[in-house]
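Let's have the full structure, built from the sequences with the hints guiding it.
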Amino acid sequence: MRSVPHDKNAPRRPPTAFMLFVKDRRAASEHLASLPFGERNRLLGNEWSVLPEDKRAEYVKQSAEQRSAYKKQMTEYKASDAYKTWLNTVAKNAENEPRAGGKGRKRREIQSEGPATPDCKISIFTHEFLEYNKLREVILRQLKKQAVQLEEETALLSKHVDNLVNAEHRTKQQIDTLKKSVHDEEQLLQTFYKELVASLHEIALPYGTFPESSTKSFEHITETSVHAFVSQLENLSHSETHSELVAVAIQSIRSAITKKTLKLLTL
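For the sequence shown, the positions run 1 to 267 when the numbering used here is used.
Please keep in mind that the hints were generated in silico from the structure rather than gathered at the bench.
All of these numbers come straight from a predicted model, not from anything done at the bench.
A few of these clues could be false.
[What the hints assert, rightly or not] Mimicking DSSO-like on lysine-lysine, the simulated pairs with C-alpha atoms at most 30 Å apart in a straight line are:
{"hint": "1", "residue 1": "K179", "residue 2": "K144"}
{"hint": "2", "residue 1": "K8", "residue 2": "K55"}
{"hint": "3", "residue 1": "K72", "residue 2": "K23"}
{"hint": "4", "residue 1": "K92", "residue 2": "K71"}
{"hint": "5", "residue 1": "K159", "residue 2": "K172"}
{"hint": "6", "residue 1": "K72", "residue 2": "K55"}
{"hint": "7", "residue 1": "K8", "residue 2": "K84"}
{"hint": "8", "residue 1": "K55", "residue 2": "K78"}
{"hint": "9", "residue 1": "K84", "residue 2": "K145"}
{"hint": "10", "residue 1": "K8", "residue 2": "K23"}
{"hint": "11", "residue 1": "K23", "residue 2": "K145"}
{"hint": "12", "residue 1": "K180", "residue 2": "K84"}
{"hint": "13", "residue 1": "K194", "residue 2": "K263"}
{"hint": "14", "residue 1": "K72", "residue 2": "K145"}
{"hint": "15", "residue 1": "K8", "residue 2": "K61"}
{"hint": "16", "residue 1": "K159", "residue 2": "K61"}
{"hint": "17", "residue 1": "K72", "residue 2": "K84"}
{"hint": "18", "residue 1": "K172", "residue 2": "K84"}
{"hint": "19", "residue 1": "K55", "residue 2": "K71"}
{"hint": "20", "residue 1": "K55", "residue 2": "K172"}
{"hint": "21", "residue 1": "K72", "residue 2": "K92"}
{"hint": "22", "residue 1": "K92", "residue 2": "K144"}
{"hint": "23", "residue 1": "K145", "residue 2": "K78"}
{"hint": "24", "residue 1": "K145", "residue 2": "K61"}
{"hint": "25", "residue 1": "K92", "residue 2": "K8"}
{"hint": "26", "residue 1": "K159", "residue 2": "K55"}
{"hint": "27", "residue 1": "K8", "residue 2": "K78"}
[As the list claims (entries may be wrong)] Computed spacing ranges between beta-carbons, pair by pair:
{"hint": "28", "residue 1": "Q62", "residue 2": "E95", "range": "35 to 45 Å"}
{"hint": "29", "residue 1": "A27", "residue 2": "A94", "range": "34 to 44 Å"}
{"hint": "30", "residue 1": "L157", "residue 2": "D7", "range": "44 to 54 Å"}
We put the CB at the ideal spot given by N, CA and C, even for glycine.
Structure representation (structure tokens):
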């Protein structure tokens with residue numbers, strides 16, 4: 001089946017944001033342009049993967065603007081005489097394309113002209129055939145060029161995707177490590193609170209010694225009032241009025257450490 005001929009008058013398709021970046025880097029660096037294909041792709045892929053978001057946004061914006069302009073140009077072009085002429089050319093090429101049985105008819109026509117001669121075997125070298133062959137060569141060159149461009153873009157995008165996947169994997173590992181550290185610290189703090197409550201549960205602070213902001217004055221320590229309880233004990237240690245109470249609390253803590261019921265503190 002015959003491919004549709006290239007329309008040389010049609011607007012050129014806009015490049016992607018990534019290809020705009022590649023174009024700029026090639027123009028700005030003779031060194032990059034002189035590198036082998038594989039090495040150049042590797043370097044540009046690495047640069048694109050670490051390109052700041054604001055710089056990448058500029059290329060994305062340029063690409064979007066060019067796509068918008070391309071769509072507008074295509075709409076205008078499809079209403080032009082040049083586009084209609086190209087459509088007629090495509091239709092004529094389709095009509096001239098050999099159909100089933102065409103070879104048999106051609107063979108009969110040649111036979112009817114007389115005995116086959118060497119000249120009859122090169123009848124394909126007509127003006128129409130040469131024009132058609134030139135058209136096919138142009139299309140082939142364009143397809144090869146497009147294939148090379150797509151291969152370059154695919155290689156660079158693949159490298160970029162690999163870098164993103166690796167970065168995502170490293171980030172997830174860091175998050176998991178931090179979550180585990182936070183969990184371990186929380187467990188350690190809860191264990192400490194429980195041990196401290198068990199060591200000081202017999203100590204009773206006088207009423208009214210907790211901050212006024214508290215909704216309720218606690219007489220005995222609980223796991224939810226450890227911080228306030230210990231802070232108040234520290235305040236009482238500066239007062240001679242409650243020196244005996246503070247001494248009892250200190251002795252209870254030392255005893256718990258000695259008995260190893262309070263494992264997270266040392267004397």
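Structure versus earlier hints - violations, ascending order: Violated hints (numbers, rising): 1, 2, 8, 12, 18 and 30; every other hint is consistent with the structure.
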